[in-house]
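Asker: Sequence:
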Amino acid sequence: MAENFGLANRVRHLIVQPSDAALDPPESYLAGCMAYEFFYAFTTTTTQNEKLCFLAWFELDIAFTSLVLRRIYGPEQRKKILRNMVLMFTAGVAGLYGLTKLYPDEREQVTAYWTGLALQLPIGYACLYFLWRDQDTAGHSLEIWLTKYIGCYTAYGVFFWRYWNIPQNWGYVGSPLSVGIIILTLIPETIYPFVYIKIHNEKEKKEKLQ
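For the sequence shown, my numbering assigns the number 10 to the initial residue and increments by one for each residue that follows.
A couple of the hints might just be wrong.
[Claimed, not checked] Derived DSS-like pairs: lysine-lysine, alpha-carbon spacing no greater than 27 Å straight-line:
(1) 157 / 212
(2) 60 / 157
(3) 60 / 110
(4) 207 / 217
(5) 157 / 207
I should point out that these hints are in silico values taken from the structure, not numbers from a laboratory.
Hey, can you work out the whole structure from these sequences and the hints?
Answerer: Written out as structure tokens, the structure is:
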């Protein structure tokens, strides 16, 4: 771990999570995303290749969580966080299964779309809120933000491409509610880098004065 921190300090970049061991949002929040990635990998895909690609996100989250639990937390904390994540993951899968029964659809695309938006919506606002509240970039990263931002446009682009080609099958994608939520998810993500750079520069100025 010390070697990783040393490497992070030597390499000039804006990733700060490895060097300060701060994580925001908490690891337990990943349980909801992991439930989504696991459940819809088996309900919305039709080919083995699609399934493997969908599960890649799930596997990456498992790898990330395993690394964090092993390297940052002690045995007791590790057990508590792991237990909470397993319970939240199980509850998430059960909840998604229940939604598909309430709103059945071919390959469960409708619930996958709306629950995906529901998962994304709070992430941007939470990251922006904690960044502004703490006035500190610890636990934040422009590289991670860029990955999320590109991911948002890619995901929304896929759904709108389907809507424009076969609007009768994807009418909910172009609905006012859908467009409104998409705009709401992009507002904090668009503001985030400007706030980050401002706080980052102010922090550097303070350090130079000291």
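Asker: The structure should be examined with respect to each hint, and the outcome stated for every one.
Answerer: Outcome of the hint check:
1. 157 / 212: Given that 27 Å is the threshold and the Cα spacing comes to 24 Å, the pair holds.
2. 60 / 157: 21 Å, holds
3. 60 / 110: 21 Å, holds
4. 207 / 217: Holds: residue 207 and residue 217 sit about 16 Å apart, inside 27 Å.
5. 157 / 207: 20 Å, holds
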